[in-house]
Amino acid sequence: MSEPVEDLKTTPLYAKHVAAGGRMVPFGGYNLPVQYPTGIMGEHKWTREHAGLFDVSHMGPSFLTLNNPSGDADADHAAVAALVEPLVCGDIKGLKPGQVRYTLLLNETGGAIDDLMVARSPLFPGSLYIVVNAGTKDNDFDIIAKAAGDKAKLTRADDGALLALQGPEAVAVLDTIVPGVAELGFMTYAPFEWNGTKLIIARSGYTGEDGCEILCEASMAEAMWDALLADERVKPIGLGARDSLRLEAGLPLYGHDLDETVSPTEAGLNFAVAKRRRESADFPGAARILKEFGGELSRVRVGLFVEGAPAREGTEILDASGMVVGKVTSGGFAPSLARAIALGFVPPAHAAPGTQLQVSVRGRMQPAQVTATPFVPHRYFRKAKS
Amino acid sequence: MTTKFTPDHEYIRVEGSTGIVGITPYAQNALGDIVFVELPSVGKVLKKGDEAAVVESVKAASEIYAPVSGTVTEVNAELSGNPGLINSDPEASGWIYKIAISQAGELDGLLDDAAYADLTK
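If you're matching them up, the sequences are chains A and B in order. Using the working numbering, the letters of the first sequence map in sequence onto residues 1 to 386. Using the working numbering, the letters of the second sequence map in sequence onto residues 1 to 121.
Excised from the complex, chain A in its bound form (with noise of 0.2 Å):
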């Protein structure tokens, strides 16, 4: 266990992770810690009150900054926008200085290549921040270089490290190492200045709850990590609370509940399809997407509270009549509820919340109801209305 495996990448915090008590597994190419000595309930339950810390460098991380700028800021982010949105159904041209925005990359038939946050430089006009996932980023960054041409350059983050501080209490922790953070609203970035070094922080995650990502150099990986977890609210978190957590909160994940035969519209992400680019058509598989906007669709994403065993990743989704309507995409335990839950794809005749249907699990049915997600209600940070 205290070796790497051979040809697995290793984060900056891999000496962190076993010295932790990290039971290390393979994930996106990369060695990293299924659970630590907690064990995945305690570890949910600990970030779901307190504040979870998360190593995500796995991640993709990366610029993209004009390579002309002209100095007006609105004209360059207009410009450097112009480059990305061919690519995604976001309504990139449209951020403020500073705001992050969840969106999708997709390919000609409305399928999503990937899922990914893009952000606006508060600082530098015409530069994006963009962070796109582990398995698919050499894909996607592919794709973002070749589409911005000669015009901007894409610079990769990810010899970094990417710390996800969740929970309640994560930034009010965070706040008291980097002082300033706890002004930041939800989904915005800003950089701040840390012992000499300089970190990208967004109030942002994957868990449904309150908390930041941290974008930090490699040298300084393992003092921001030590510094975090030196506060008692913090403790280190795996990947298997991590998909616990992003489970609960009913966000789709890629490679499971998203793939290149799905698109945003059956996936439930309606919202991640501006109005302009719905308006103006002008996206990657805009004809498939409209049709599906406009009432026509095969399958939609639902939640479902399954009871008995977790009815996991493939498992068959019937209607009562145990006709064969669909499939689950992920599914697993709800720590938070202490009953099985699961995300899957169904014709909309059978996505309404309330309507019963059965999954078959080890050939036993079981009965399963949809129902609205998050199955556990977000709980982001809103700042008040002035």
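Check the hints yourself; a few may be wrong.
[Claimed, not checked] In silico SDA-like pairs for lysine to any residue, Cα to Cα no more than 20 Å straight-line:
no., chain 1, residue 1, chain 2, residue 2
1, B, 44, A, 363
2, B, 121, A, 28
3, A, 45, B, 82
4, A, 383, A, 97
5, A, 327, A, 362
6, A, 45, B, 32
7, A, 45, B, 88
8, B, 44, A, 364
9, A, 235, A, 177
10, A, 45, B, 31
11, A, 45, B, 84
12, A, 198, A, 179
13, A, 275, A, 78
14, A, 45, B, 29
15, B, 48, B, 88
16, B, 121, A, 21
17, A, 327, B, 60
18, A, 235, B, 32
19, A, 45, B, 60
20, A, 45, B, 36
21, B, 47, A, 362
22, A, 96, A, 123
23, A, 327, B, 61
24, A, 16, A, 27
25, A, 153, A, 72
[Unchecked claim] Examples of chain B residues lying across from chain A (beta carbon under 7 Å, computed):
no., residue
26, 32
27, 33
28, 35
29, 36
30, 38
31, 58
32, 59
Hints in this document: simulated from the structure, not taken from any laboratory. Quantities reported herein were computed from a predicted structural model and do not represent experimental measurements. Beta carbons are placed, not taken as given, at the ideal position from N, Cα and C, and that holds for glycine.
Since chain A is already given, all that's left is putting chain B on it; use the hints.
What follows is chain B alone, placed relative to chain A:
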């Protein structure tokens, strides 16, 4: 009273012609928090190596195999409401099922304490 082990980390504690089956402390630690147990039905006839039960952790399901052939005589109903007993007390209150052993000779093919300790070193 003897206890034997399988290489899949089940134990069988033999009391006369009955065996009490569960998973070892090593196995429960490797699986992590158990959240659901699928018990066999009483009267089920098992051959050595058959799938007898399933324990589920937050992340995954794991099959529990029959260490020997026989008939299920009793299951630990406590586990339905409190599957975590397998984590907290795997060798006593976290037992899974009892089996009337039909071929006692099969016990000889299982691991004894020392051999199992060796396996999990």
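Inset, instruction - Could you work out which earlier hints the structure fails to respect and list their numbers in ascending sequence? - result: 2, 15
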